[in-house]
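Protein chains in written order, with the working numbering: chain A, 13 to 129; chain B, 5 to 113.
Just so you know, these hints were derived from the structure itself, not from any lab.
Take these hints with a grain of salt, some might be off.
Unchecked claim - Output of the computed footprint for chain A on chain B, the stretches with three or more beta carbons under 8 Å from beta carbons of chain A:
#	region
1	26-39
2	44-53
3	94-100
Here a beta-carbon is modelled for each residue, glycine too, at the ideal position from N, C-alpha and C.
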Amino acid sequence: GAVVSQHPSWVICKSGTSVKIECRSLDFQATTMFWYRQFPKQSLMLMATSNEGSKATYEQGVEKDKFLINHASLTLSTLTVTSAHPEDSSFYICSAQTPGGAYQPQHFGDGTRLSIL
Amino acid sequence: EDQVTQSPEALRLQEGESSSLNCSYTVSGLRGLFWYRQDPGKGPEFLFTLYSAGEEKEKERLKATLTKKESFLHITAPKPEDSATYLCAVQGGSEKLVFGKGMKLTVNP
Numbered sequence: 013g014a015v016v017s018q019h020p021s022w023v024i025c026k027s028g029t030s031v032k033i034e035c036r037s038l039d040f041q042a043t044t045m046f047w048y049r050q051f052p053k054q055s056l057m058l059m060a061t062s063n064e065g066s067k068a069t070y071e072q073g074v075e076k077d078k079f080l081i082n083h084a085s086l087t088l089s090t091l092t093v094t095s096a097h098p099e100d101s102s103f104y105i106c107s108a109q110t111p112g113g114a115y116q117p118q119h120f121g122d123g124t125r126l127s128i129l
Numbered sequence: 005e006d007q008v009t010q011s012p013e014a015l016r017l018q019e020g021e022s023s024s025l026n027c028s029y030t031v032s033g034l035r036g037l038f039w040y041r042q043d044p045g046k047g048p049e050f051l052f053t054l055y056s057a058g059e060e061k062e063k064e065r066l067k068a069t070l071t072k073k074e075s076f077l078h079i080t081a082p083k084p085e086d087s088a089t090y091l092c093a094v095q096g097g098s099e100k101l102v103f104g105k106g107m108k109l110t111v112n113p
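Start from the sequences and build out the full structure, keeping to the hints where you can.
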């Protein structure tokens with residue numbers, strides 16, 4: 013149980029294009045999903061918290077106009093990297109919180125490797 | 005500010021050689037401490053949640069323990085398939101998960 017699917021797993025695109033990443037909870041409903049960014053040999057850094065039916069909450073230093081988040085249903089959240097540039101290249105990972113309260117474990121997707129040329 | 009420090013950064017063991025991984029933390033009002041396993045190119049896989057000092061949880065060859073300042077992940081008689089990066093994270097009053105940098109475990113056959 014508690015399976016989270018993330019798509020695509022790998023994206024290579026040219027500078028200036030926009031990229032959409034999908035995160036789906038397959039066997040449970042998630043009112044809260046999270047988006048993280050991970051650099052090699054570094055911690056997962058929280059970018060934003062996505063709540064179904066409301067605006068996402070962004071962490072300090074994360075540009076909300078560059079990283080658009082939509083959580084339109086209880087099983088789907090999307091992250092769109094707009095006008096991507098090489099510095100946006102990274103490993104992006106989503107997670108979904110299992111029901112039962114704010115301190116239930118988060119379950120993670122397998123990540124999206126984004127490479128901007 | 006909530007912080008998590010994991011040590012050692014990397015550990016090499018022979019198959020069957022037991023050891024422990026350390027996770028030291030500072031957090032304002034601990035709500036939970038989480039252990040995850042991450043394989044290369046994959047997202048973290050949930051292992052355990054510990055909520056209060058003195059709590060212990062086990063899963064196959066892994067056992068997690070918690071004190072007020074640190075958590076240990078004990079690995080008993082590891083196998084090569086236990087090779088992975090193990091992540092520790094804490095959740096405090098802010099409800100955000102704060103991760104350590106992880107500990108890369110390599111188990112040689």
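**Unsatisfied constraints (hint numbers, rising)** = none
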